[in-house]
Amino acid sequence: MLTQRFRDYQNEGKMVLNEKELVEIRAAQRTFEGAYIRTCISSFSFALLILRLFEPAFYYIGMVFIFFGGAILGISTLRRRHNIDLLDQSKPFKTAGGYVVLTGFIAFATYTTLLFMVFYLR
1 MLTQRFRDYQ NEGKMVLNEK ELVEIRAAQR TFEGAYIRTC ISSFSFALLI LRLFEPAFYY
61 IGMVFIFFGG AILGISTLRR RHNIDLLDQS KPFKTAGGYV VLTGFIAFAT YTTLLFMVFY
121 LR
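Our numbering numbers the first residue of the sequence shown as 1 and each following residue consecutively.
These are computed hints drawn from the structure, not numbers from a lab.
Given the structure is predicted, the values throughout are model-derived calculations rather than measurements.
It cannot be assumed that every hint is accurate.
For each label pair, taking beta carbons as the anchor points, the in silico distance ranges come out as [said to hold, decoys possible]: (1) S90 / Y59: 49 to 57 Å; (2) I41 / L114: 30 to 38 Å; (3) T112 / L49: 20 to 28 Å; (4) F116 / S90: 33 to 41 Å; (5) E19 / F58: 46 to 54 Å; (6) V23 / K94: 20 to 28 Å; (7) E24 / I66: 30 to 38 Å; (8) S45 / N18: 37 to 45 Å; (9) L53 / F116: 19 to 27 Å.
Built from N, CA and C at the ideal position, the CB exists for glycine as well.
Starting from the given sequences, assemble the full structure and let the hints guide the process.
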């Protein structure tokens, strides 16, 4: 039923969803897209705080947080592009495990870099 509505949407340019389907889509957007965007914004904000309030020796730490925020923003964009197929039931469901592994790797690399930078701070 949802697949037929998705195909009608592709053909006619409008999609009519019932209340239950709308709640499900909104919850997915809040959970997945919102989490990435909130992480990105908080990372950029923390980087700005470091760059504005601390002395120049800490600038590289701020730059690491800018890199982290940009990477999370990139992952969010990629994930949003691939989520368009969620309503198409003719395609098999694919989990977001690759994005989770990529996000975990970037977070681990970021915090490892920060740990080394703090230890070797002049």
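Comparing the hints with the structure gives:
{"no.": "1", "hint": "S90 / Y59: 49 to 57 Å", "verdict": "holds (51 Å)"}
{"no.": "2", "hint": "I41 / L114: 30 to 38 Å", "verdict": "violated (19 Å)"}
{"no.": "3", "hint": "T112 / L49: 20 to 28 Å", "verdict": "holds (22 Å)"}
{"no.": "4", "hint": "F116 / S90: 33 to 41 Å", "verdict": "violated (48 Å)"}
{"no.": "5", "hint": "E19 / F58: 46 to 54 Å", "verdict": "holds (50 Å)"}
{"no.": "6", "hint": "V23 / K94: 20 to 28 Å", "verdict": "holds (23 Å)"}
{"no.": "7", "hint": "E24 / I66: 30 to 38 Å", "verdict": "holds (35 Å)"}
{"no.": "8", "hint": "S45 / N18: 37 to 45 Å", "verdict": "holds (38 Å)"}
{"no.": "9", "hint": "L53 / F116: 19 to 27 Å", "verdict": "holds (22 Å)"}
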